[in-house]
Amino acid sequence: MRSVADAVAAVSAHQVTKVFGSGSDRVVALDDVSVDIRANEFFTLLGPSGCGKTTLLRLIAGFDHPTSGRIDLEGQDISYLPPYKRPVNTVFQSYALFPHMTVAENIGFGLKMLGKPQSEIDAEVSKMLKLVKMEAMRDRATSAISGGQQQRVALARALAPKPKVLLLDEPLSALDLKLRKEMQIELKRLQSETGITFIFVTHDQEEALTMSDRIAVMSAGKILQVGSPRQIYDHPSHRFVADFIGETNFLEAELTSVSKRVGKLKLGSGTTIDASLPGDGVAKGPVTAVVRPEHANLVKGKAAAASLTGKLGNIVYFGTDTHYHVALDDGGEFIVRMQNARDDAGRWSVGDAVGVSIDKDAVQVLRD
Amino acid sequence: MADTPRKPFSIRQQSGFGTIAAICFLALYAPIIVLVVYSFNSGNSIAIWEGFSWRWYEAAWANDRVKDATIVSLKLAVSASLIATVVATMAALATTRTEPFRGMTAIYAAINQPLMVPEIVTAVALLIFFAIIKVHTGYQGLGYLIAAHTAFCIPFAYLPIRARLENMDLSLERAAADLYASPWQAFRYVTLPLMAPGIMAGAMLAFVISLDDVVITEFVKSGGQDTLPTYMLGQLRRIISPEINAISTVLLAISITVVTVFFVLSRRGNKSSG
Ligand SMILES: Nc1ncnc2c1ncn2[C@@H]1O[C@H](COP(=O)(O)OP(=O)(O)OP(=O)(O)O)[C@@H](O)[C@H]1O
Ligand SMILES: [Mg+2]
Numbered sequence: 000m001r002s003v004a005d006a007v008a009a010v011s012a013h014q015v016t017k018v019f020g021s022g023s024d025r026v027v028a029l030d031d032v033s034v035d036i037r038a039n040e041f042f043t044l045l046g047p048s049g050c051g052k053t054t055l056l057r058l059i060a061g062f063d064h065p066t067s068g069r070i071d072l073e074g075q076d077i078s079y080l081p082p083y084k085r086p087v088n089t090v091f092q093s094y095a096l097f098p099h100m101t102v103a104e105n106i107g108f109g110l111k112m113l114g115k116p117q118s119e120i121d122a123e124v125s126k127m128l129k130l131v132k133m134e135a136m137r138d139r140a141t142s143a144i145s146g147g148q149q150q151r152v153a154l155a156r157a158l159a160p161k162p163k164v165l166l167l168d169e170p171l172s173a174l175d176l177k178l179r180k181e182m183q184i185e186l187k188r189l190q191s192e193t194g195i196t197f198i199f200v201t202h203d204q205e206e207a208l209t210m211s212d213r214i215a216v217m218s219a220g221k222i223l224q225v226g227s228p229r230q231i232y233d234h235p236s237h238r239f240v241a242d243f244i245g246e247t248n249f250l251e252a253e254l255t256s257v258s259k260r261v262g263k264l265k266l267g268s269g270t271t272i273d274a275s276l277p278g279d280g281v282a283k284g285p286v287t288a289v290v291r292p293e294h295a296n297l298v299k300g301k302a303a304a305a306s307l308t309g310k311l312g313n314i315v316y317f318g319t320d321t322h323y324h325v326a327l328d329d330g331g332e333f334i335v336r337m338q339n340a341r342d343d344a345g346r347w348s349v350g351d352a353v354g355v356s357i358d359k360d361a362v363q364v365l366r367d
Numbered sequence: 000m001a002d003t004p005r006k007p008f009s010i011r012q013q014s015g016f017g018t019i020a021a022i023c024f025l026a027l028y029a030p031i032i033v034l035v036v037y038s039f040n041s042g043n044s045i046a047i048w049e050g051f052s053w054r055w056y057e058a059a060w061a062n063d064r065v066k067d068a069t070i071v072s073l074k075l076a077v078s079a080s081l082i083a084t085v086v087a088t089m090a091a092l093a094t095t096r097t098e099p100f101r102g103m104t105a106i107y108a109a110i111n112q113p114l115m116v117p118e119i120v121t122a123v124a125l126l127i128f129f130a131i132i133k134v135h136t137g138y139q140g141l142g143y144l145i146a147a148h149t150a151f152c153i154p155f156a157y158l159p160i161r162a163r164l165e166n167m168d169l170s171l172e173r174a175a176a177d178l179y180a181s182p183w184q185a186f187r188y189v190t191l192p193l194m195a196p197g198i199m200a201g202a203m204l205a206f207v208i209s210l211d212d213v214v215i216t217e218f219v220k221s222g223g224q225d226t227l228p229t230y231m232l233g234q235l236r237r238i239i240s241p242e243i244n245a246i247s248t249v250l251l252a253i254s255i256t257v258v259t260v261f262f263v264l265s266r267r268g269n270k271s272s273g
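So the protein lines, in turn, are chains Y and L. Going by numbering that gives the first Met the number 0, the final residue of the first sequence carries number 367, and the count climbs one at a time with no gaps. Going by numbering that gives the first Met the number 0, the final residue of the second sequence carries number 273, and the count climbs one at a time with no gaps.
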């Protein structure tokens, strides 16, 4: 089977750097970014404010051009093509609906500019209105519909010309929580129904994990890691990624042997444990490793299964699960998250001497 | 909300506000009211009331010189405001829709120069300048007045258009480009319709300003040419009759109509962009 990776990428960035300003105002918004975005995938750019997500999106849309490097669309260099010649559409954060046009005119705008006959535009607009469930609003003014409805119109408008790639810059950030959840599901549905490649920008890690086929985690103009939500969550390659996504435990330890993508890790407690490595090029010696709180369990006393030992500090009850804060004997703190069961109550109490057993394949060595 | 402890500062609550406001309005409008009232005087005086009549309106209507002056005024105001609006629209686009460039502030100042230079200075300068051209070409027509009026109308047309463009969300034009509109199409289908209220406002302002001008017109006009205001000025030097009041009242009515339309348009425009 020819894998997806062999196919031509929908969008690929080759060593793209974008610099704004000069002298003391110089900002490197994108720093040597290379990434392949596959056809038909829901790809998310995730990162904190100012890390360059919008800049990358603007370069793909054509509103700006790279300082160096190249952007390809299906293998064609589009770095300097103006936006109106790119089969790429954008859903703007502010929606940017045309206030002097009705809902239908907004949705039909792209097709009209492409010179399609009016009958075809009307048919396509009807299809789009149906797709985003806005049939009743066809002739409304865009100022006479709610925020969530404006969002749907913006989506329909961007989808109507059937772009190769749809860019979405934090499209849900203006919506309240309930609507946001609804639209997340809606977006996933639209993506699979239309088969269009979505490039989605967010700084909300939960949103990224639930919606994406793959995620690129960005920090300070660089892409640190690209992978499926599971890969990113279970096997973060950098401290930043591990820290940014979910809760995690950091362990300072010594890598004593390296083979393929697995190594032996000697923990502070003296025990040795198997650990996944972040690709090649990790040398023996002191490293940082991470373990997710739900990938560890508490055991009574100094049981043999325990990789770490310590004293139970805080116990924080969350309903479905409980967080146990363990003060490790060799210093540092380790959080264990366990599902609550019916007969759990009173099983653990503050001050208990406990061991921590770590699941198989749950230790991930970081690159930095 | 209901439980706000203190009302915010309101100037209308200050003692004496009402009185001062009344005096201001009186100073502004009393002379105009007197002017309008006396335009209906049946006597020859602009100071002694002798009864109501349309006499002076009829007299003005029958006066060929008034007719000629009206035609000149309208031709002039229409051409000057049209040209000024087109130029101002392009200037506004160039100063808001391009990357900031060196000398932009200087250009901005240059466009608004007629607002700052004393009108009499411009008038004298134009008088001398056009005199030279007249000597060399022999042309005596309306062109000089149109050129002069266009020049001082530009900033009045420019300001509302620019204000409109500055308030417009730039992402709208970006969205148009994103949806396959070429730069010209984006202008034609998005920028232009959205700036139309500003353009209308600018054109009307320019029209009223041109219609109203005396100083520059008086200096620039060729012999025998008169606009309504310069004709009236000429009349005042001889006999003063309520005919002047009648003409003024008509001009006032036109201005009020145009300005009202201007406000309605700009209010509606602001709403749709909000
Ligand atoms: N036109 C510009 N001129 C100068 N600096 C810019 C410009 N656009 C972006 N930057 C800078 O580039 C960096 C990246 O900006 P960008 O808008 O891509 O961030 P972002 O990841 O989208 O952030 P956010 O989550 O806040 O939207 C920031 O430091 C920003 O200040
Ligand atoms: Mg952004």
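Keep in mind that the hints were calculated from the coordinates and are not lab data. Heads up, some of the hints might be wrong.
[As the list claims (entries may be wrong)] Have a look at the derived ranges for each label pair, beta carbon to beta carbon:
{"no.": "1", "chain 1": "L", "residue 1": "Ile253", "chain 2": "Y", "residue 2": "Leu176", "range": "50 to 60 Å"}
{"no.": "2", "chain 1": "Y", "residue 1": "Ser21", "chain 2": "L", "residue 2": "Leu114", "range": "35 to 45 Å"}
{"no.": "3", "chain 1": "L", "residue 1": "Pro192", "chain 2": "Y", "residue 2": "Leu178", "range": "29 to 39 Å"}
{"no.": "4", "chain 1": "Y", "residue 1": "Glu181", "chain 2": "L", "residue 2": "Ala252", "range": "18 to 28 Å"}
For each residue, glycine too, the CB sits at the ideal point set by N, CA and C.
Here is what the structure says about each hint:
The supplied range of 50 to 60 Å is met by L/Ile253 and Y/Leu176, whose beta-carbon atoms lie about 57 Å from each other. The given range of 35 to 45 Å is respected by Y/Ser21 and L/Leu114, whose C-beta atoms sit roughly 36 Å from each other. Between L/Pro192 and Y/Leu178, the C-beta spacing of about 31 Å keeps the proposed range 29 to 39 Å intact. One distance hint, 18 to 28 Å for the beta-carbon pair Y/Glu181 and L/Ala252, is violated here, with the actual separation near 57 Å.
Hint compliance for this structure: hint 4 is the single one not met.
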